[in-house]
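Residue numbers (this note's numbering), protein chains in the order written: chain A, 1 to 274; chain B, 1 to 292; chain C, 1 to 369.
These are computed hints drawn from the structure, not numbers from a lab. Incorrect hints may appear among the rest.
[Said to hold, decoys possible] Computed cross-link-like contacts, SDA-like style, restricted to lysine to any residue with a CA-CA straight-line distance of at most 20 Å:
1) B/Lys198 x C/Arg6
2) B/Lys178 x C/Asn292
3) A/Lys148 x C/Arg367
4) A/Lys147 x C/Arg367
5) C/Lys109 x B/Val119
6) A/Lys147 x C/Pro364
7) C/Lys109 x C/Leu55
Quick caveat, the model's predicted, so the values are computed rather than measured.
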Amino acid sequence: MLDKMAATSRPTERATTQVVSARKLSLTFETNDGPVHALSNVDLDIGKGEFVSFIGPSGCGKTTFLRVIADLEQPSSGEISVNGMSPGEARKARAYGYVFQAAGLFPWRTIEKNIALPLEIMDYSAAERAERVRSTLELVNLTGFEKKYPWQLSGGMQQRASIARALAFDADLLLMDEPFGALDEIVRDHLNDELLKLWARTNKTICFVTHSIPEAVYLSTRIVVMSPRPGRVTDVIESTLPAERPLDIRESPEFLEIAHRVREGLRAGHSYED
Amino acid sequence: MTGLGDRFIPVMTILLGIVAAWYIGAYALNAPFQRGLNERAGETPGFVEFVGQTMSQPKPTLPAPHQVAVNFFENTFLRSVTSARSLVYHAWVTLSSTLLGFAFGTVLGIAIAVGIVHVLALDRSLMPWIIASQTIPILALAPMIIVVLAAVGITGLLPKALISTYLSFFPVAVGMVKGLRSPEAINLDLMRTYNASKAETFWKLRLPASVPFLFASMKVAIAASLVGAIVGELPTGAAAGIGAKLLNGSYYSQTIDMFSALVAGSIVAALLVTAVGATGRVVERAMGARPA
Amino acid sequence: MSNVLRDWQSSAALVLALLSIVLPLTDAGSVGLKAVLVLLVITAAVAAIAVRAGLLLVVILFVGAHLAAWLLLQSLGGKTGMAGPSYYFLLAAAWLLAWRLVTVLSALKIDNRAGDLAIRLGIPLLFGIWVLILWEAIVRGAGVPFVLLPPPSAIAARIAGSVSTLAADVNQTIVKAVLIGYALGCTAGFAAAILADRFGFLRRGLLPIGNMVSALPIIGVAPIMVMWFGFDWPSKAAVVVIMTFFPMLVNTVTGLAASGHMERDLMRTYAAGYWQTLASLRLPAAMPFIFNALKINSTLALIGAIVAEFFGTPVVGMGFRISTEVGRMNIDMVWAEIAVAALAGSVFYGVIALLERVVTFWHPSIRGG
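Isolated chain A, as found in the complex:
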């Protein structure tokens, strides 16, 4: 009961410390087949310490929204701030870590050198680098694989290493773009569990893009449901699940209830005829 209260109290905290704040955010790509409205009038606030999932069919703009936060795409209109700064300033201040769909580890670097990569670029001292590599590898349970090359590791381990790489420089915001999409379900369950523990330990703000309803419900404090043509937010669902979430919570009626609401939201925003 106490847990539940702690979880539901989070949205009130976010009013005080906004990490991401978007107002009337739109982004249109010009293509040969005419303009594509990837984002249309998106309003969203994400508070400190939240775990927000973005879910929706392909083309709904969930990845684009994440890329706008990361200053990898420029919005056509509207406003967005990250940590109270423009995305560009936030990027230059190294305010976030980004985890891509694929691990994207550099094959010519060992695991430890891969994790040290952002630290090298950000001019950390050698001693500091070694310490952070050690502690983040421990965080993702990869201790002992420092000297391996990425191609010597399984897909799940590679993705864990790429999460470690995003955590290494201790940004408060973690942007994750379908990080487990390419993994099989057994590995994915395991990594979901680990990610929750990691979030609890580090108290980071996480924006998580996925196309899996169970994954979104299991992980999030809030679920943002999006729909395509034009890409927009159709529903925002607050999770009533406790902060402590064992894997078998996914069979509880509460979980199924939230999943049902997400499914309804997806159905409302998206006609399957097109």
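Given chain A, work out where chains B and C should sit, using these hints.
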């Protein structure tokens, strides 16, 4: 339109830059000789007149672009194509041995590739040598092939064509081995499920799959073939051909002639590579490839 | 019977050996040697057909083929052009046995790595040796005129006898012209590629030109360079610089574009600068392309330097030696130079290939993934 402008403007700018640098270079390289000439003649021309003189020497160290252009134009369009001074004539001589050698080389290359793909013993014994042979400066063989064949009475087109063959079969063989092996395992497995014979697999799967590789390596091969034909003309002091023109130019320091021979060779090369490329596109499109 | 068909090489060798009993070996050969030869080939062929596989078969074929070849060459003595029909029959039989040997070796599956490597190297080596054996045996047996094609043994003798001349030529052509020109040309091409990468306008202008130039007969600038820079090595190095510049430029520019979008986005999220991204992502990703250019250029550099020497040199250098000795009909010296050039070219290429394995160990083509 924007795509065209994107490429056209930078390319033209760089080409103009090269021409400008060429003019400056022509002035700088030809000036010392001209200065000496004027001193001996006791003349002191003004700067503009002096620049003009450096651009109109009969045997300049570096001919100015317009000198080359005029020479090229005269020897290409204003002479009968049968004249020994016509560049068209020389280009034709080189072109004929290039094409003959290229034809031999392509056939030989394909034959070797088919053998390597189908006979394990050939694959393991020949393939390393094919790769090693790429590292050998085979052009060094050119003078010997020409002179030795001349000693047994074979002269003219064939020895030059043989050098072209030698240079052009390597890229074709290597490219075709890659191409014939390019079908994926699932496609080969599919043919196995049909109980297709080796020959059927070859004609229906391997050969069609290798076509893009064939044309890509034929582009390399025809350029190599032309180099072979030109170099093949050097050692005999051949009377005709682009290589002969270069050699004669170097004997008599006729730099303008040498440069226009180079221009002719480059145009032939560009035309040949373009022709092979265009044929490749037509064939690939006829076979249902998506236009790139 | 099925064995006879499957091992058609040995069966054919057997038939050839039987045929050669009734035909003369050489015009003045000894009957005893011929008997030994025929017996050897027949024994080896029959044994090969009987023994289906395994190490014993390899040994039988190896000894049979090579001993027969050696005896055949002995049978000629010092004379050339004396070979009779059975000489060629037995040569063909020995060659067929060697072919069978290669076929057996190719099909052999060996588990340990050292054995596998030995076979992978041994098969092409056998092929090379048999090219030399056939060359030697046919040239000497048929009495091919020396100026047309000298036997390998004469070329080897020539190499052994003119080490100092060859060394001087290598020093002039390879150590000076090739290495200096190669280093300059590759460095300049690389620097130009970085510039072209930094300034998009330059890249869009240079790349089409570079692609076109790579198809042109650049070797034609050789006489002009000789005219400008004189007869000694600088003119050859200049030709090498021009020939190696464009392949390096085009490959490096292509390679710098080879890193993935995701990886470049990653560097962007770190707010990494141009040079940081270049050093930690784009140059490593470009390395396979750069090494491709280095390998292409190693061949081009040798060709450029040797051909440029045809247009004039001081009285030393590989190209000079080739063109003058051809004129004097000293064809064995020409072959000696070509052998040395081939060796130098292979070593040059091999060193770069080895370096490539060390630097791009991670690339799927190297790690075999």
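Right, here's what the structure says about each hint:
1. B/Lys198 x C/Arg6: 18 Å, holds
2. B/Lys178 x C/Asn292: At roughly 17 Å apart (the allowed maximum being 20 Å), C/Asn292 and B/Lys178 satisfy the hint.
3. A/Lys148 x C/Arg367: 14 Å, holds
4. A/Lys147 x C/Arg367: 17 Å, holds
5. C/Lys109 x B/Val119: Holds, at roughly 16 Å.
6. A/Lys147 x C/Pro364: Holds - the C-alpha atoms of C/Pro364 and A/Lys147 are around 19 Å apart, at most 20 Å.
7. C/Lys109 x C/Leu55: 12 Å, holds
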